[in-house]
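Now for the letters of each chain:
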Amino acid sequence: MTSALMTSSLTTDVTRESPSPPRFLAGEKVAKPDEGATLAQSEIKISVKDFDFYYGTAKVLHGISLDIPARKVTALIGPSGCGKSTFIRSINRMNDIITDARGKGTILIDGQDVYSGDTDVVELRRRVGMVFQKSNPFPKSIYDNVAYGLRIGGMRNKRQLDEIIERSLTRAALWHEVKDRLHASALALSGGQQQRLCIARALAVDPEILLMDEPASALDPIATSKIEELIYELKESYTIVIVTHNMQQAARVSDRTAFFMLGRLVEEGDKNTIFMNPKEKMTEDYVTGRFG
Amino acid sequence: MTANLRRRKVFSRIFETLCALAVIVALIPLAMILFYVIKEGFGALNVDFFTHMPKPVGESGGGMANAIAGTLILIGIAAAFAVPVGCLCGIHLSEYPGTKFSSIVRFAADVLNGVPSIVVGIFAYGILVLPVKRFSAIAGGVALGLLMIPIVVRTTEELLRLVPGGLREGALALGATRGRAVFSVIVPAALPGILTGILVALARVAGETAPLLFTAFNNRFWSTSLTQPIASLTVQVFTYAISPYDDWHRQAWAGAFLLVMMILALSILARLAVRRLERMNRS
Amino acid sequence: MKRSSDDRSFRIGTGAFAALVLLIVAGIAFELTRQSTLSITKFGLKFWTTKVWDPVSGDFGALPFIWGTLYSSVLALLVATPIALGIAIFISELSPRILRQPLAYLTELLAAIPSIVYGLWGIFVLVPIVRKVEIAMGAKPALGVGMMAAALILAVMVIPFTSSVAREILKNVPATQREAAYALGATRWEAIKVAIGFGRTGIIGAVMLGFGRALGETMAVTMVIGNSPQISASLFKPQYTMAAVIANEFTEAADELYLHALIEIGLLLFIITVGVNLLSRLLIWSTKRRAITAVVMPMAAAEEVPA
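Protein chains in written order, with our numbering: chain A, 88 to 379; chain B, 5 to 287; chain C, 504 to 810.
One or more hints might be untrue.
As the list claims (entries may be wrong) - With a straight-line cut-off of 27 Å between C-alpha atoms, the simulated BS3-like cross-links for lysine-lysine are:
| no. | chain 1 | residue 1 | chain 2 | residue 2 |
| --- | --- | --- | --- | --- |
| 1 | C | K554 | A | K221 |
| 2 | A | K227 | C | K674 |
| 3 | A | K245 | B | K13 |
| 4 | C | K791 | B | K104 |
| 5 | A | K221 | C | K696 |
| 6 | C | K554 | C | K643 |
| 7 | A | K146 | A | K136 |
| 8 | B | K137 | C | K696 |
Just so you know, the hints here were simulated from the structure itself, not pulled from any lab data.
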């Protein structure tokens with residue numbers, strides 16, 4: 088099995104034991120194949136149990152059970168239409184906006200049920216940030232975009248805002264490119280910059296979790312690699328769940344990977360296990376490019 | 005939940021409620037108008053209304069037969085004028101959409117759409133009444149037609165654009181000239197929609213009063229002549245409404261009721277025509 | 504070849520009718536000017552600043568009508584705009600899906616009612632109500648007819664126009680804008696504000712469209728405004744608008760100067776309404792364009808190299 092994977096050109100990147108580290112990190116990180124195969128209870132940030140999802144009468148997610156570790160990158164892979172986006176949007180209840188859509192089952196964040204009556208959706212979405220496939224900056228200035236979440240939360244103090252905005256833009260690796268034109272329109276930025284702006288905007292409200300729905304799929308390779316570097320950096324402070332249809336990307340950035348197919352979770356586990364030693368045949372077929 | 009969050013949620017609820025209230029507030033006058041028109045108007049309708057001419061000032065009774073006929077004649081003239089002009093213009097715009105000429109014409113049609121109906125009336129007065137020093141049904145009909153043109157142009161152009169390009173290519177490939185292709189294949193395909201546009205435009209001008217005030221003017225007697233002033237439901241309702249006579253007020257309501265019914269009938273006709281023609285097109 | 508000459512006659516034939524439309528618009532402007540020369544030459548610019556309107560002595564000034572038109576239209580906008588926007592927001596963002604079509608249809612119905620029917624209802628139903636309100640307010644005079652009634656009836660007539668355009672604008676705001684707001688922890692109203700912000704130019708265009716409609720409205724206004732050429736900020740005094748004076752006095756105009764003065768007012772009405780309408784279309788068009796370009800994925804042609 089391993090040799091087949093090694094000769095497949097699609098997975099050449101995976102033969103290295105860790106993704107090529109960004110320039111700013113010294114030394115390579117080496118992950119052993121079975122490291123992190125099971126998670127300690129205290130490390131789990133998001134716990135999903137038996138989660139179903141329906142659009143009207145159509146069931147699109149079937150009994151998903153998945154534990155997402157804190158401060159790591161969990162990648163969701165699978166062919167398009169398999170429910171990855173629906174799943175990720177259920178975590179911050181973005182699906183609530185869609186009529187006739189409902190979820191059944193449990194999603195716990197730090198032990199708290201996201202769908203319980205006690206949970207305040209608005210507060211939840213502040214704690215769980217989201218970056219979308221198409222960058223969607225508001226038609227306002229760069230400054231106002233990043234400040235948006237803070238301002239609706241009631242922050243008015245200019246010095247506070249300035250500080251947090253600078254911090255967020257720095258974390259999103261955008262500060263140096265825009266610091267002299269914070270009041271220029273966000274729409275004047277390039278696609279990759281706009282996406283990093285959206286990341287900065289999401290980070291400004293200080294979330295604990297960052298959900299990213301194919302954040303680089305609309306970007307060229309250079310911009311994509313910048314985003315990937317960013318994700319690598321961000322995972323030190325945030326729990327990141329990323330949906331991607333790009334397997335090499337998943338192999339590069341993730342710590343854990345979950346493979347979805349037709350609304351079901353086929354297999355999940357340590358990134359290296361999934362890509363080099365998958366337990367399910369379907370997983371092996373997918374990661375070696377035999378379909379999809 | 006923090007105080008700030010609670011406040012924001014309350015605000016959200018308040019504004020959402022205000023929006024719902026706005027809907028209710030707008031529906032109140034609608035309900036009132038329909039109510040009064042039906043109540044006062046339907047009650048004042050009788051056979052005389054449809055068969056008699058207006059009685060002289062002060063005398064009660066009489067009807068609006070001439071006005072009803074007049075309105076029908078006027079919208080007939082309007083259609084006869086606006087349909088060919090509007091459709092052919094729309095055809096040109098859809099066949100040659102990118103030219104400078106087409107852009108200018110489109111712009112002109114937009115301008116015409118925004119001209120108040122009374123100003124269009126002044127124009128019709130200037131070119132059709134003043135030279136012959138006489139009010140006439142034609143002048144009124146043309147004024148109404150002018151108001152119809154922008155609607156017909158826009159609907160025709162939009163609908164012709166929607167016809168799949170394959171149809172035209174097919175016709176041209178069979179050796180049809182452009183004109184033939186357009187008139188024999190493309191226009192029939194878009195016909196239901198174009199017809200709807202015409203009926204919608206008719207419904208709109210049937211209710212117009214201002215442009216008729218000094219083009220078709222008014223006529224106490226029965227007249228179907230195109231070169232004489234002619235009565236119309238709208239002008240008659242206006243004349244009666246501002247008069248001091250209760251009987252005339254009643255008849256004004258009846259006229260208004262009839263007018264609303266006529267417009268409703270045209271709208272329903274428009275919808276039926278679309279369905280019927282689409283069925284024909286499919287078979 | 505026969506084909507190309509047929510094609511050419513098709514193009515020229517249909518083009519002739521298109522040119523006719525162009526000629527009509529130019530013709531209106533031309534005719535209005537031509538038929539008001541007597542008044543233009545006699546009064547010049549003073550016409551727009553004189554408030555005397557005396558047909559008997561041949562002294563004409565259009566100021567009262569300009570005032571009445573602008574004042575009534577602005578008042579109507581103040582009442583109609585929040586209601587129209589509220590309706591647009593409710594139908595496109597808040598209402599349950601099954602209600603959407605019926606509510607949209609009902610608001611369009613308001614636009615289908617002819618002006619004369621509004622006027623009739625205005626005289627016999629609205630004016631008595633307004634009179635009662637005015638008496639209760641202690642207003643002098645409390646006639647019922649006057650600026651208040653005119654502004655109210657104009658507001659009702661304007662609502663469906665502004666509302667349907669605003670609804671279109673909101674529908675065209677990309678869903679991703681609202682999603683971005685929600686994902687940052689916005690309440691429903693805050694997300695709606697984001698959508699409105701995105702479409703703000705178009706919404707202003709929708710408001711201007713309503714303004715243009717109010718400026719040109721004739722019958723309903725003339726039946727409830729009292730038709731008295733006086734300039735007053737009072738809501739209760741009867742006043743006069745440009746369209747109303749033309750409607751009422753056109754056929755009474757005994758001499759040419761009188762007629763030309765009325766037509767000159769028509770010329771001004773033409774210029775103002777056309778201007779307002781064009782501006783509104785420009786604003787609406789530019790918002791639609793922004794909505795389209797925001798949805799097209801911004802592909803990075805070349806990433807900027809960080810400093």
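Structure-based check of each hint:
1. K554/C to K221/A: Measuring from Cα to Cα gives roughly 59 Å; hence the hint is violated.
2. K227/A to K674/C: 20 Å, holds
3. K245/A to K13/B: 24 Å, holds
4. K791/C to K104/B: 22 Å, holds
5. K221/A to K696/C: Holds, because 21 Å separates the two Cα atoms, which is no more than 27 Å.
6. K554/C to K643/C: 23 Å, holds
7. K146/A to K136/A: 16 Å, holds
8. K137/B to K696/C: 58 Å, violated
Checked against the numbered hints above, the structure violates hints 1 and 8; every other hint is satisfied.
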